[in-house]
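Take the given structure of chain C and dock chain E to it, following the hints.
Here the protein sequences line up with chains C and E, keeping their order.
The first sequence begins at 1 in my numbering and counts up by one.
The second sequence begins at 1 in my numbering and counts up by one.
FYI, nobody ran anything at the bench for these hints, they're computed from the structure.
These figures come from a predicted structure and were not determined experimentally.
Some clues are possibly wrong.
[Unchecked claim] If you want the ones that stay clear, here's a sample from chain E, every Cβ over 12 Å from chain C, calculated:
no.	residue
1	T38
2	K50
3	G56
4	A98
5	G133
6	Q149
7	F176
8	V288
9	A392
10	A395
11	L418
12	G430
13	L433
14	F441
15	R450
16	H465
[What the hints assert, rightly or not] Not the full set, but computed from the structure, chain E residues with beta-carbon under 7 Å of chain C:
no.	residue
17	A248
18	H308
19	V355
[To be verified] The calculated lysine-lysine pairs, modelled on DSSO-like cross-linking and capped at a C-alpha distance of 27 Å, are:
no.	chain 1	residue 1	chain 2	residue 2
20	E	K357	E	K246
21	C	K90	C	K40
22	E	K86	C	K40
23	C	K95	C	K3
24	E	K87	C	K60
25	C	K12	C	K70
26	E	K246	E	K87
27	E	K452	E	K246
28	C	K60	C	K17
29	C	K12	C	K40
30	E	K311	C	K40
31	C	K70	C	K90
32	E	K86	E	K240
33	C	K40	E	K246
34	E	K86	C	K60
Even for Gly, the Cβ is constructed at its ideal location relative to N, Cα and C.
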Amino acid sequence: MLKIEAILQPSKLDAVKDALLDAGIEGMTILEARGHGRQKGHTEFYRGREYTVDLLPKVKIELVVIDSLKEKVIQAIIGAARTGRIGDGKIFVSKIDEAIRIRNDERGETAL
Amino acid sequence: MKSRCRCILFLLAVLSGLPALSLAQPAASAPAAQSPATQAQIDALTQAVKSAQAAGDNAWMLTSAALVLMMTGPGLALFYGGLVRKKNILGTMMQSFAMMGIITILWPVIGYSLAFGHGTPFIGGLEHVFLHGVGLAPNPDYGATIPEQTYMVYQLMFAIITPALITGAFAERMKFSAMAVFLALWSLLVYSPMAHMVWGVGGLLNSNGGKCPSFDFAGGTVVHVTSGVSALVTALYLGKRLGYPKTAMPPHSMVLSFIGACLLWVGWFGFNAGSAVAANALATSAFVNTHFAAAAAAFGWTIFEWLHNGKPTALGAISGSVAGLVAITPASGFVSPMAALLIGLLAGLVCPFMVFKVKARFGYDDSLDAFGVHGAGGTLGALLTGIFATGAINAVYGADPTGKPNPTGAIDGHWSQLGNQFAGIAIAWGLSLVGTLILLFLVDKIIGLRVKPEDEHAGLDLSQHGEEGYDLNT
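The shape of chain C in the complex, shown without the other chains (with noise of 0.2 Å):
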């Protein structure tokens, strides 16, 4: 099982969010995030003085899949939230020991 995380712009949720709908995912948990890469933050005018502000407003969405989903997800992800800019985002992917069903019992893929 694999947890697949992405940090997106937040214009871009929709797009991402039908993305992984069609590619067949339905569990999804969408946090709202601030942050920043390479990408500079933007100016603001606070009684005639300009300051940078470097939190810039995110979305980051969490999927945990079976191992096989990995490329589709990751593809689906990309497809919709590519602009070819600063700013995209980024994509990590890392290993989950264990997923448990809290209504059953469930334990392992069946519980995704």
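For chain E alone, kept in the frame of chain C given last:
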């Protein structure tokens, strides 16, 4: 036939008496030698007209009092609240709300008497402590057609908002207890004397018979200069917020500030037009001037920012409107509408200069620009009042035998009025400076003014009130 003749006779008698009634003269100026029945009817009509005028006046004054209270809560509470960081929203709003509670208690006990009782040219006496003698009958010195309690409660709303304005200077770093004590004492030591000098019977600066008549229609010096200068003194005494100016501390909710500013604008109609103490043409003048100045100043500040930043901010626009409202406050019942536009525009250009350039240059942390907007705007407005006041709008210095109003301001030719304006401004500055310093020193020694650094980091909501302003996770 006979009864119709009598009706016509009666009508003629009434019509000939009406011009006399409009001057609110007693029956003595009505035509002499009326039959007792006609005289009784004329008297009844006179009384009815007086009652109608008084009803209109009282209705407007009570409405105005409510509008001015709204300026503090929620107007100022929201305006200031939105400008601070999220962790201080409740603390900031509580400072305004505390004034609504504390000053309301102090005012009938002693504040009103010190401001409006008979006394010296500098301060009233104790004749009205516990509202002694302040009932529902009019006080001819303070609104001949309204109950004195209407006047008292109207003035109370001014006494509430003035110390609340100061809180903008020491935002995010003063102890709630110290703030309450400091501002309560300030209201007695600085506000009541200044109000007495400008508006109280026998007051030194009273435009109606004072030794140095100064024009301050609704409180440019009494409210804005005193609070603005006291704000500056407090900001300097208390020192900067931790992290200022290196850490950016932008408003956590411009939405709240926007709502607050609009409530201030609408409420200001009660503040200025209500200062006519009657529902009359002067109130109309003040109402129109208030609105015009607010809009012109918002325009001015926006243009200033557009040129300075490249973008006009919402904060600049709403701050502009407040600056214009401040500047027109002393002038509202003395100047023409076109002068009001100009006064507003000037405030919209001068105040951002104070906030952007002067504050940065001297480095003081007047957190919410209480001095930059109220101190500077009030001073500017008081001076411009001396220039643009005209007897044509408000014949405060009476009229000559032909009925032509005597000159009041510089545009009437009465340039020396500027000297009186300057005197009023200087007294406001001086009283505020000295009074505030004394009180800050005292309260600091006894209670301690500033919150501990760890409390400042945690925020006033938690450290002073044990609450969180926003609990969006529940």
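Which numbered hints turn out to be false for this structure? none
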